[in-house]
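Residue numbers (our numbering), protein chains in the order written: chain L, 5 to 119; chain U, 52 to 160.
These are computed hints drawn from the structure, not numbers from a lab. Heads up, none of these hints are tricks.
List time: in silico DMTMM-like cross-link candidates among lysine to aspartate or glutamate, alpha-carbon distance up to 20 Å:
| no. | chain 1 | residue 1 | chain 2 | residue 2 |
| --- | --- | --- | --- | --- |
| 1 | U | Lys73 | U | Glu105 |
| 2 | U | Lys124 | U | Glu59 |
| 3 | L | Lys61 | L | Asp106 |
| 4 | U | Lys147 | L | Asp106 |
| 5 | U | Lys147 | L | Asp100 |
| 6 | U | Lys73 | U | Glu118 |
| 7 | L | Lys61 | U | Glu83 |
| 8 | U | Lys147 | L | Glu79 |
| 9 | U | Lys147 | L | Glu56 |
Far from chain L by the CB rule (all over 10 Å, computed), these chain U residues:
| no. | residue |
| --- | --- |
| 10 | Leu62 |
| 11 | Phe65 |
| 12 | Pro69 |
| 13 | Ser91 |
| 14 | Lys108 |
| 15 | Thr119 |
| 16 | Ser120 |
| 17 | Pro126 |
| 18 | Phe127 |
None of these values were measured; they are calculated from a predicted model. Every residue, glycine too, gets a C-beta built ideally from N, C-alpha and C.
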Amino acid sequence: KAGVTQTPRYLIKTRGQQVTLSCSPISGHRSVSWYQQTPGQGLQFLFEYFSETQRNKGNFPGRFSGRQFSNSRSEMNVSTLELGDSALYLCASSADRLAFTDTQYFGPGTRLTVL
Amino acid sequence: AQRVTQPEKLLSVFKGAPVELKCNYSYSGSPELFWYVQYSRQRLQLLLRHISRESIKGFTADLNKGETSFHLKKPFAQEEDSAMYYCALSGGATNKLIFGTGTLLAVQP
Chain L
5 KAGVTQTPRY LIKTRGQQVT LSCSPISGHR SVSWYQQTPG QGLQFLFEYF
55 SETQRNKGNF PGRFSGRQFS NSRSEMNVST LELGDSALYL CASSADRLAF
105 TDTQYFGPGT RLTVL
Chain U
52 AQRVTQPEKL LSVFKGAPVE LKCNYSYSGS PELFWYVQYS RQRLQLLLRH
102 ISRESIKGFT ADLNKGETSF HLKKPFAQEE DSAMYYCALS GGATNKLIFG
152 TGTLLAVQP
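Let the hints inform the model, and build the full structure from the sequences given.
Written out as C-alpha cells, the structure reads:
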C-alpha cells in the first residue's frame, strides 16, 4: 500500500497570509490526524477527522481549521499566519478500529516557513 | 494534566552497551503507551505499544503504573538504533496522541 502523502512538502508564506495543507491517507484508512512539530514545543496534536467530522481537537486557536472529504483526504488551513506558525506539519492516518488506539501512520510532513 | 516527560534530550552509548530511554507520564485514568521512532530521513513510525507486550528490534518496554513510567530498553545497542525516540500516550480508544519531547539516541561504534 502507498503510504500517507502530504502536499506540498515545503511552503513559504508571509505574516497575515493563509495556507492550506493537504493529506492523503493510506487507502482504507478513515481517520486522519494532524500534528504540529516545532523545536520548542515538540509534537502537538491539532485535530482528528473521521468520516468527514472532527472527532478530537487539540489546544490551538481557531485560526487552525481542517476538514475531511468523503474519500478520507484531509486538508488543514491556517489563517492570518504568524511567525510562530513556522513548523513541520505532520499528518497521520489510521484504520480506526477504536477498540484501542490504532497505529498511526505518519506522512513526511509539510515544512511551513512564515516570514 | 496529561503529560509525557522524556528527561534526556540526548543519550549517547557505545555499540553493545545496554540502552534505557526514560519516559514518565501523567494521566488520570488508564492510558495506552507507545514508543515511536524516527530514523534519519525517514518518517515517524510506531516501534511498540504496551498492550502488545512484544519485542521489536530487540527493544522492550514495560508499563509501570506505580511509577507512571514506560521506559524503553535494549540489552545491546546497535549502530542502526541511532534515531530519535518519542514516547506517547493516548486516553484509549482515541487517536489523539500526546508526545514527549523526544530523546536522540546516538550509538557510537
